[in-house]
Amino acid sequence: MFDAFPYDEWGDDIAEFWTFGGEGSTGTWILTILGIAVMLIAFWGFVILENRKLTAQADRLKASGALDKPTTSPTG
Amino acid sequence: MISSLLPTWLAQVPTAEDVNARVDLDTLILTEQFYFWTVVIMWLIHVGFMAYEGGASRRKNLMSTAMKNILTIAVVTPTFYYFGWYIYGCFQEGWPKSGHDSPDAFPGFCGLTSPWSEAMGPNLQDHVSAVFFLAFLLFSWTTGSIMSGALIERVRLSAYLILTALLGSVVWILDAAWGWSSGGWLTTRFGFHDSIASLVVHGVAGAFALGVLLNLGPRIGKYTTGGLARSFRGHNTHLTLMGLMLIFTGFYGFYAACLVIQSTVFPGWLNIYGSPTTLGAIAFVITIGFAGGFTGGWFASKGDPFWTLSGGLAGVISVSAGADVYHPSLAYLLSISGGMVAVWSGTYIEKKLRVDDAVGAVAVHGVCGFYGVLLVGIFAGGYPTGINNVETSFGGQLMGMMAFLPLAFIPGYVVSWILKKFNLLRVPAEVELEGLDLAEFGQDFYPEFERVPEIIIEPDGREVESAPVLLDAYWQANGRPATPVGTGERS
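Just so you know, the sequences run in chain order A and B.
Residue 76 is where the first sequence ends in the working numbering, and the numbering goes up by one at each step.
Residue 491 is where the second sequence ends in the working numbering, and the numbering goes up by one at each step.
There could be a bad hint or two in this list.
[Unchecked claim] Using 35 Å as the maximum straight-line C-alpha spacing, the simulated DSBU-like pairs for lysine-lysine come out as follows:
| no. | chain 1 | residue 1 | chain 2 | residue 2 |
| --- | --- | --- | --- | --- |
| 1 | B | Lys351 | A | Lys53 |
| 2 | A | Lys62 | B | Lys352 |
| 3 | B | Lys352 | B | Lys421 |
Rather than coming from a laboratory, the hints here were simulated on the basis of the structure.
Excised from the complex, chain B in its bound form:
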């Protein structure tokens, strides 16, 4: 009996080749699942951005603010699919030379990134390209959205969409090709190290936003005739803080997606440059980075809730560039400093430079993004970066900063200047005063809540009704003489 069944059993026993094939396939599917779930978690960043900016806006601008975050996805996704991913794959050697022949890039990667390639459509043989693309797409949404909050309450939705597509699908992905890839010229030649994207995402988005803000100008009434800053009161600070907490949650997905794992090809976790690291190492740094950032933000702002939470974000951004290298204690100290730098630079930008950045994006993302890369040059010099093992250095980090500052600032400034010349950058002053929601959507988005007078905070801390202040500022902005205080005369 047994002897008669033996041949059947033996025929069913898998060979070593069968087992290897199965292990290879399962490994690929694990990689596919890993990136898929990072994408799901990263969606929370965008839920968070929407809540954060919506809460920071005045009631009359709630939906126009949220719509920017929603439509970021509508414009960055196709633009990134049609040309953004190709820029990443094919421009790692620099501009205008493409990376087709780069000996440092993953072989053949460029050919997989054009929208007509077999990797950019359904493909049963390829478990990795699509989810890897999607992880980068979510990075692009994030980069585009960072600018969003800075511009609220006066930018045209359509102008923002053009600018965010430029930032999310061209500017940031070109800088990622240069300094956030295994074959990027900044990495292979200068050892540039920005492992979790302090500069390539945050710093670049902040610099781009600054270029736009210079053309956009402040909200009506933001500054007195003497140049002192008033404060607008966001309509729901709790929503803003909850949004920040959602962004923080999503950041864990962002951090994880910045690593490379595929055990059929690599022996372990790699950072984006191809250097060994672990998921645990970067999770250590992000968590303690939040702790340090909250602490620094709290002390520098004397307990201001908005800046305490923004300090957490700034702390993480400050240590992201070296997240694969830093000891947790070093990350704690550096992130405390990052939280403080964000508060101080944000105050300077608002009060001294008189740039009306509604949510402090230039300080938190821009300044701390550059600061984070600089810190790697100081504290992680000598670290072998990338597949060429080029040592990270202070000079190499400076090279990256000098390359990315103009790469980000100039397009933001020039394109917003062109939009301004065509009167397409900013909403009409009348609409800004009334609120964008009525013009864009024809409704108030809290219909069952009584309207109360809008409050503005004067430079000396007094809370006053905003309507007369804003109306006076509107008349000044329209080229007519300001109403003399106390006369009430009409022109």
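Just chain A, with the same shape it has in the complex:
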């Protein structure tokens, strides 16, 4: 065993730092709530931003006349 390296002692220090105080601590709760909030905002953003793009493009296409009623007959 390579015991010159105090793995266990350093491990305890690192674990405490990583988890902002460990299971159920205030820091962990704050991070969890922040994460959930950002996740929900991201969902809202996906909806709003896409809706804006799609509506604008649909309006442009309608205004352009590109989708006027066809003058040639479809085959189906």
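The hints should help you fit chain B onto chain A, whose structure is shown.
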């Protein structure tokens, strides 16, 4: 000299306790590595889904299709971390009762699955929880992505992301808690057996997708006014087939990750229910399942390349539920039938039910997922399942099917119905006609390739230019009278 060194040497000789501790640690690290590499291999499933669906889409929808697969990871990962894993750990006894006190579940597992628990962050003492979570997360991506291909070329990206988060982080993981865990009520009470997730992943994703498709509707021009099905030509069939081959490669990781191994706790390989099996047994079945599925798909489709490869997937899905039980010859026969069932049911869904499932996901995953669980009831009845050794039975398998069909279909139908009511499910018809890529990204993703007229295949097999067909269908969908054939009159 020697006598003077002896005490030093003896002091360095490890004791039996030291050796045991080292073996325990190495075993844990082996388990950690095993699941880690299954996760790496399972990424290929998602590379494959992206290539598969991208190739099946028309050129004008390539990137919008691929973006769905990419952003599946962006939404299913956090939702699964924040509540999906907790559902798996704590709802094995059913809803609304949680599994905190379940005598059948692994003791204390529920407490390790909440996002604020010590197992869900960096933890030097825990080598297993994180990689086990990650393997399940990849299952969740897969389940969410199965629906993706069915909806291409007309679903809104944001609507898909909401639906895939619901499917990947709530619906499938709740059914996994019930029927794909050692403490799940379907297993402990009815011996429900679905060892490599025919139903809990594939069948459920297919049923959910069907619920969404009923609200989403077909692509513009998919059906004639008489209800006959046209075919859209995907812009790169080779990419589609390569994607399927990547999915197949990733499936080996998926299969392996469905087993449990940790020799400090269990004496050998276990399936998800805690019953003994081997990695070799399931590798036998998946490999011969592909062989049988390709064969069945080829014959049922008369050599169609798309259905031949999809038949391989359907074959594996059909035998996955009993992969730890079946003899390879039985798996071969059953997977041939599965490949055929996928082709026949896919044709029925498209032509008779008039549900526009762009890649046949409902047939391949949904129908064959349910079919696979049914086959276990027929061919593996009496097999002792789980830590309670409850015998698998036809009735128990039916119980699982009856529980999971509404569990999957109803949320898919209801949430997509709500999105539809808010006009957030489907892209505007004008955008669908032009192609989603220009609206979403402002560019064509083959800028140096000349554009050629898009082709559509009529029900009688004729290939015609699609623009007038689609434009006519667009006008009909907008409530105006169809252009009479040959008159060319304008309204």
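Q: Kindly indicate which numbered hints from before are broken by the structure, ordering the numbers from low to high.
A: none
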